[in-house]
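> So the protein lines, in turn, are chains A and B. 1 is the number of the first residue of the first sequence in our numbering; add one for each residue after it. 1 is the number of the first residue of the second sequence in our numbering; add one for each residue after it.
The hints are simulated quantities; they were obtained by calculation from the structure and are not laboratory data. A portion of the hints provided could be inaccurate.
With a straight-line cut-off of 30 Å between C-alpha atoms, the simulated DSSO-like cross-links for lysine-lysine are [claimed, not checked]: (1) A:K142 <-> B:K267; (2) B:K898 <-> B:K719; (3) A:K36 <-> B:K719; (4) A:K36 <-> B:K316; (5) A:K84 <-> B:K316; (6) A:K105 <-> B:K983; (7) A:K142 <-> B:K316; (8) B:K476 <-> A:K113; (9) B:K267 <-> A:K84; (10) B:K335 <-> A:K36; (11) B:K476 <-> A:K84.
Partial selection, computed: residues in chain A whose CB lies under 7 Å from chain B [what the hints assert, rightly or not]: (12) Y43; (13) P45; (14) V66; (15) F69; (16) A71; (17) F75; (18) T89; (19) Y92; (20) G112; (21) V144; (22) T149.
Values in this document were obtained by computation on a predicted structure and should not be read as measured data. Where is the CB? At the ideal position from N, CA and C, for every residue including glycine.
The residues making up each chain are set out below.
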Amino acid sequence: MVGGTVDHGLSYSQRLLPLVLPHRGERGALIPVLQKVQEEFGYLPREVIPEIARILCLSESEIYGVATFYAQFRFERQGEHTVKCCQGTACYVQGGRRILDAIRKELDLPEGKTTTDDYKFSLERVACFGSCALAPVMVIDKTVYGRMTPARAREILSQF
Amino acid sequence: MSFAEIQKKATADWETLQKNDKPRILIGTATCGRAAGALAVLDTINNELERLGIEAVITQVGCIGLCYAEPLVDIIKPGRPRISYAGVTPEIVPQLLEDYLINDNPRPDLALGTIGEDIVDGIPKLFELPVLKPQVRVALRNCGHIDPADINQYIANDGYTGFIKALKMTREEIIAEISKSGLRGRGGAGASTGFKWERLLEAPGDEKYIICNADEGDPGAFMDRSLLEGDPHAVLEGILIGCYATGANYAYIYCRAEYPLAIERLKTALAQMRENNLLGENILGSGFNLEIEIKEGAGAFVCGEETALIASIEGKRGMPRSRPPFPAVSGVWGKPTNVNNVETWANVSAILQKDAGWYSRYGTEKSRGTKTFALAGKVARTGLIEVPLGIRLGDIIYEIGGGIVNDKKFKAVLTGGPSGGCLPASLIDLSVDYESLDQAGSIVGSGGMIVGDEDTCMVDLARFFISFTQAESCGKCLPCREGGEEMLSVLERITNGEGQEGDIEYLEWLANLMKSGSLCALGQTSPNPVLTTIRYFREEYEEHIKKGYCRAGVCSGLVRSPCQNACPAGIDVPRYIRAIGRGNYGEALAIIREKVPFPSVLGYVCLHFCEAKCRRGQLEQSIAIKELKRFAADNDDGQWKKNVKKAPPTGKRVAVIGSGPAGLTAAYYMSRLGHEATVFEALPVAGGMMRVGIPAYRLPPEVLDKEIKEIENAGVTIKTNNPVESLDELFGQGYDSVFVSVGAHRGVVMGIERENTPGVLDGVDFLRAVNLGEKVEVGDRVMVVGGGNVALDAARTALRLGAGEVTIVYRRTRKEMPASEEEIDEALEEGVKIEYLTTPTGVTGSDNGLKVRLIRMELGKVDESGRPRPVPMEGSEFTTECDLMIKALGQESVVPDKYGLETERGGRISADKYTLATSREGVYAGGDVVSGPASVIEAIAAGRQAAVSMDIYLGGEGNIEEVLTLHEGELPPLNPDEIEADKYRPELRMLPVEERLKGFAQVVLGFDEKCAGEETGRCLRCDLEER
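Produce the entire structure from the sequences given, and follow the hints as far as they go.
Next up, the structure:
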């Protein structure tokens, strides 16, 4: 699922076309298309933007405008596992900051660095998952972990 | 199949399911359940059932809202009511299933409650529990009861009957019904739903759109997520009705991408609608066509705003645009559009299923119906609730929420997310509805409710909210883009200790600019958290700015360690604990003396605010800081004296009135600064409350004498038997400045009949007489009225003076007693009796002593003080007799009018909070006479401040900081892996109870050397943590 680490034997273009072509001519298709592209590659490789522009008849700047507006889209290769640490109000009030600090320390990701050198983990701060009653919350890929403590965070990460 | 047939089959299937001869198990596997580990529990259940050879019907349901009790598993055994089990882990499952399903033991110890008519012995009814009783679940009616992935279960429970009813009504009739119900948008703006639908209906053209706003971006809100995961059809039926009523044939559900389970449930539900001819062309033969498309958000909070949401659906950047034109005129693709929130749609289907009259019975006149709230933060029972609007705020926090965890004090609740504001504890009686919250400065918003306690810093919270909204600002308009950034930078400065005078006013100015100038609700409402925290917690802002002090102990730029931060005198706790750990007791004492001149007294009697904030307390138990201080004081080697400095004489003379801790501390520091300090004391002995208020078995007189001697050695003159009648007298005698610290020594009146009857004494008078060596007759039966430390001191003293029976009478319960836990424990050990929930109403003299009339109380609702209000129980009066009645209900101050100082209630002197200056030049005041009865350490801190202020007044620099011992040098923080878990405080040596009552010998004997050393090992060294 993650781009770069799995060799599909296909070029970017070949992987891209089946995702974008069906939406040609559709109204408001850009965001769903970008979401599908990111799902396939794990991020938005800059190489694919001109091609998307061509197929959907949009300018590249319009695509960049949308892609940079929404927090979901990334332009860099991500780690195999995405660790999202919730910093929403409820989690914050329950000590979410310490969980984030513990994760940063455990993965050696100081402020500003998102992906570990071995591309195993990417860390994101997220504003709210909506599991506030189980604060503080951490999500790795699709699994939600509630009632976190720094020790539990370290333990869970070490299992990957 | 016609709908009637579908309904008939669905209902039959549902009945069969209820009557099943197989056990049924329901398990909540929405996101909350999963986050608590429900999937692992489900696996274990499946394995165990196989192992036990039992066939059961398992249904995965949504969230019933009791998130604090997740994972929740409900078991319905044939012939028995449904039982809800809380906190079910994979470890518990095997025994639970075997006990109940095989041995028919329903395990009341693991059960939360039963659902349904029948009772099970030992298990309460779930919906009678305080957490559920006040709730009325309308939008959430099916959540936790049905399988959200099975449309037939929805249909069997009145599902889609609202739409069937709507098909028989005209469009105008449907909209009128919605208007009649009073339903207001539940997404936050609270606009009349009927009104919005009318606008869409009357719009020209036949291409119209309906949008369901499922973006739910407020941090702290998860109501919509739970609804979509637990009962998507309730929302979809509402959309169907709305589209039919307004003539829209296409609907979008804009759901944030961070809710994958909700999206999955929606997709399944839509497919099932289509299969049942409830979606697509010619729905149920009505001729009405509808298509619903799901659009996923891409991570932008601002897309919760309707015009930004519309832009996002159109594939553009989510930037709002001005209204008018409103979406009802020109919305998505330029066509008439109406946007409503998920919860609004779920209410629509309920209203049509029942009727508007039923719905509008709930709520208040302008805020009808029910509202969901996501209750999170520092309450015991976090979860998803739904209550009638108009419910009392205190009921949500204390009845439903179960109060604050760890017995901390409730501070404020944040409502409405980043667009909302805070409601302080003083508003505990507030009605929760749109109007009341608006007036209070907050909003109902989408329903997030986050509870903060004494450890929550309101300034930091304001900063947090602004940093969120500033990051989410789309950037289109200047007031929001620049204003938000500027507000954030000011708040960051303040929380870092770089606040400046005028910052608060500047923030208010920026806030008003953003409110009036921003294009959309994000910019307009983002200043709200700042404005409301300033409105209700201005003091905290001022403390951060003027004193660099964060009282909650949160702002890391201002707080080195929570213990030192909590100490009014700022004693460097971790450092002296480390010194004790190294065996350098004299060094430890010197570190303490750098801040206070009464280390021994504090070690014996301090109220230890530090321990309440100690982080170790979050693991097992806080460090016994007070006992360690005492240990250091008892083992001092006097090395601190070597480094004490005394400034050359300044020629100035200062007078201090009152030789309590505030006065003596002030005099001490002034003397060291070179001023000639004289203390005037009215009583024959010095020490104030330390001398005449605290019994000798708590603070031995020799200990106090020793420390007072050091103060005299520093050059202070103490004149006892020397009351001061007027300040002019002192100025006349050549004193340049005066500090008034006369304390609070007069007992407050009880307010009952004939309380002046002989035989009724005031607690402080009683204790003073005993400590001054006067003879006091206690008789045999003593009654003490009150629940503070004075009451406890009086009771235990009475026992030691020979009373046979001592009873404390207190109007609340132990939990609310202000006295310290140790005091209450020791008193009970010594044989003091305590009658809770009782208070006297009158007293008369009799031949046999005193006759006291008392009345029983019961606890009512929690009031602003954070404690339940005691309410007299009608007809519960009774009479009892005693020889002596001691009242200890608080103290007031007595300040001679001739001082010419402005005073407040209770005789307190008005003094500036930061400088302690009074209304008269050159005169300062501090300690209990300003604050009311407080503590020794707070009085000492006031004494320090007085010395600073007065020195500045006299032309000095006001610098009383000193270094009495070498600093440690750089040290690394504690390695988290080195922390030994489950280590509690070691044993404290105490005088055996039999020995205690023989006299006034010291009761607490303190740690021995080994225990003291062990205790220092538990310290987490918070001051060394990286920032």
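> Now, for every hint given, state plainly whether the structure supports it.
Structure-based check of all given hints:
no.	hint	in the structure
1	A:K142 <-> B:K267	holds, 18 Å
2	B:K898 <-> B:K719	holds, 21 Å
3	A:K36 <-> B:K719	violated, 86 Å
4	A:K36 <-> B:K316	holds, 17 Å
5	A:K84 <-> B:K316	holds, 26 Å
6	A:K105 <-> B:K983	holds, 26 Å
7	A:K142 <-> B:K316	holds, 27 Å
8	B:K476 <-> A:K113	holds, 28 Å
9	B:K267 <-> A:K84	holds, 25 Å
10	B:K335 <-> A:K36	holds, 28 Å
11	B:K476 <-> A:K84	holds, 28 Å
12	Y43	violated, 14 Å
13	P45	violated, 17 Å
14	V66	holds, 6 Å
15	F69	holds, 4 Å
16	A71	holds, 3 Å
17	F75	violated, 14 Å
18	T89	holds, 4 Å
19	Y92	holds, 6 Å
20	G112	violated, 15 Å
21	V144	holds, 4 Å
22	T149	violated, 9 Å
Violation of the numbered hints given earlier is confined to hints 3, 12, 13, 17, 20, 22; the remaining hints are satisfied by the structure.
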